[in-house]
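Asks: Read top to bottom, the protein sequences are chains A and B. In case it helps, this note's numbering puts the first sequence at residues 1 to 715. In case it helps, this note's numbering puts the second sequence at residues 1001 to 1154.
Calculated directly from the structure, the hints in this document are not laboratory data. Just so you know, not all the hints are guaranteed correct.
Partner residues aside, some chain A positions facing chain B, computed with beta carbon under 10 Å [what the hints assert, rightly or not]: (1) D206; (2) F222; (3) F397; (4) G628; (5) S663; (6) K667.
Cβ coordinates follow ideal geometry from the N, Cα and C atoms, glycine included.
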Amino acid sequence: MSASMDRREFLKLTLCGAGLTIAVGTDGILKIASAEAQQAATAANVFHPNAFLEITPDNVVRVLSPKSELGQGTYTALAMIVADELEADWKQIRVEAAPARDEYKDPEFGMQLTGGSRGVTNFYDSFRNAGAAAKQMLVEAAANDWKVPEGECVASVGTVKHTKSGRSLTYGQLCVEAAKLPLPQKVTLKKENEFRFIGTSVPRLDVPDKVKGAGMFGIDTFVPDMLYAVVARPPAVGAKTVSMNKEAAEKIPRVKNVVTISSGMAVCADDIGAAWKGRDALDIKWDKGTHPDLDTARLENLFLKQLENKGAIARNDGNVESALKKASTKISGEYALPFLAHVTMEPMNCTAHVQKDRCDVWVPTQFQTAALEVSMKETGLKMDQVHIHTTYLGGGFGRRAEVKVVEEAVHISKAVGRPVKLLGTREEDIATDFFRPGSCSRIEGGLDEQGRLIAWSHKIAVPSIVEQWFPSMIKNGIDFTAVESISDMEYVIPNLRVEQVLVSTPLRVGFWRSVGHSSNAFPVECFMDELAHAAGMDPLAFRLNLLKDKPRATRVLQTVAEASGWGKPLPQGHGHGIAMVPSYGSWVAHVAEVSVQDSGIIKVERMVSAVDCGPYVHPNNIVAQLEGGIIMGLSAALKEKVQFNDGSVKSSNFDDYELLTMSECPKIEVHIVKSSDKRGGIGEVGVPPTAPAVANAVFNATGTRLRRLPLPLAK
Amino acid sequence: MLAMIRVKVNGKDYEADVDPGLPLLWLLREHLNLVGTKFGCGQGLCGVCTVHMDGEAVRSCQVAVGEVQDKAITTIEGIPDNHPLKIAWIEEQVPQCGYCQPGQIMQAAALVAKIPNPSEENIAEELDGILCRCGTYPRIKQAILRAARMGAKP
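Could you build the full structure based on these sequences and the hints that come with them?
Replies: Here is the structure:
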């Protein structure tokens, strides 16, 4: 297959002395530049250097990942795509985080941001082109060296071979000569049946180091002469200091500086123990803050009250009111979800070194563009003077899309004139988190005489994520994340109305793995179950009836039903529940099997899942992401709830914000539906159907409908 | 209140001038540069800081350095790369973000030292509460069972 460059991509070659650098860009032309021309072009802003791949004489192929590795396997998947077209030897592949530069921005987002399960989908074509172009140039370099036609040379496993004479040269041996060649105007891509890596489960590149304890996370950064910085933060929302003892803190041995920052008081010391002692010695008295009445019960009442208000209409098909009047069966339900914290296992941290003409930042971040911008703002330095070094992330889930910790570390380093490692505790992580918003949904549904679903009226009260993060993305009063999985639901319902009331609270809310889908799937898929029972139908059959022209949704439902033995008798006290949610371009259905003891407590026995994410790169990683998504979904369904009290976040650590543990984890089976449809994401899609599948299974086992998360759990 | 503390970690002797009340976790990580041992909660609630003290799994955030002077400490760096658990962890492709895995492996090593052929129930009981936010529990179980088949006893 020959790919012309009409996909608004170009390939660019840079001479870097050490070897070959290939870059793929987005302006529609294949280009080549010498080092000087590249610099001139960069200076003239004609095009941006955009290197995704380097080959050096030591025979190493270095892939620069524009996406952060937070456990979702993106380093390996992107490297596989390059390596396949390049015909590389997997052993010569290394992956590094790309620097924070425009050329690494996600073409869809216009930002260098890891989110939305878009790593593979948004870089698939670019990475194939980069690998294919580099391979062609290496072949050409070999052919030139041997003075033979290119057609007699074959690239295979990191080597170009001349079949007739048996000669061969490694990519490392060829890279310097290849770098002098013009970039191909056209690249030839492999056929799918020629893939060696794509579609296989090669061992993940990050796994060996992570098993050794040698994977370098942000918290593992050391810079010579660095200080440790810890921050005393207001305990209540908007609290201000009443008094403090700065001198006492400064007297603690090894404490070097006490710095006022926007989020509190930073104490810097030669070692971490001294920094914490200094923070204690500050003995800050805080006032009660701006919302001393804030507590969990009040928040929940606020949502219920807000449901009485008129909201913005996100979708209005047909005429819901008259359809509900005509309906022969009408039911309604009110669903409530709590606020959730991310609690990445690696607490928030950032190391910064601000110098007169340079700023280095080592940070586990999902959002390089924002990290860069906030560092430039804090230091007054130019983009090319600021260097963001993305480490491994000890969990992301959206939490590390925030760069407040970068702002703080850079500010402190600048103030004290030394490198600082800013280290947050678990308590600070939870207290300063932006939460998955709590929400409340009121739904009415109507069935006709044949039990067909003819009307769905859905009103949701929820704080707006988009309003706080990207306010310009609010369209007609609608925050798309607040209604996702509702207004875009897959089911075909002739009369569908979705109304959204944005609730104002003093709390920060934000992106939490699968965002609106993760919460809205619960009311939607549970209420669908309620309607199926009202219609006297099997929940699977009821759903399939509403998905007549939706083959991908139908396939995952049928696959999961078959794999789970849907409809077969279960042991006494057991029940099963089904849920199907498309998100991020992929379709996922789960069946949960639960047992409920006489005391009413729930144990999840088994989760079976089917996923259609289109043509996939790394099947074992798809299974891993589904397993992880299901476990995170179970944790949210069964245990997690942020508590508030006296105007502050009361939850503080894993004793009062509990996560699912190994003994509570059921057996999980994941089935990948083979599909040649459009490619979708995988990192987030396992979460949404989890909670509704479990709640539906509880209903199946007990006849009790649970409409509030978290559900009670067996101990 | 600083004192010269002597500790034996992974068979090597170290000295550090620290507060004897400092948790062992921070001595290992920030003074001895053995950063494989991770900080997760500081309260003994998540287990990602698990190390061995005279062969017993302990939460290093809950042990003061003053208490470890005569003890043999083993961290993830002290488990050889050819240890069946580490091999099995790679073969099962356990880690996602990877942050909790040193703690999981250290607790697993303590388990197989006591019970060379653990059941799934033994594993769930021993590793319960070593938290993994990515959800690698099923693979951790499989890796321990695989290591046991290889003969995991160190």
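Asks: All the hints need checking, so say for each whether the structure fits it.
Replies: Now for the hints, and whether the structure bears them out:
Taking 10 Å as the C-beta contact cut-off toward chain B, the hint placing D206 of chain A at the interface holds, the least distance being around 7 Å. Annotation: F222 of chain A was flagged as interfacial toward chain B, and the flag holds, the nearest CB pair being 7 Å apart, inside 10 Å. Here the hint on F397 of chain A is kept, as its CB sits about 7 Å from the closest CB of chain B, short of 10 Å. Because the smallest distance between the Cβ of G628 of chain A and any Cβ of chain B comes to about 4 Å, under 10 Å, the interface hint for this residue holds.
Checking S663 of chain A against chain B: minimum C-beta separation of about 4 Å stays under 10 Å; hint holds. Taking 10 Å as the C-beta cut-off, the interface hint given for K667 of chain A holds, the closest approach to chain B being about 7 Å.
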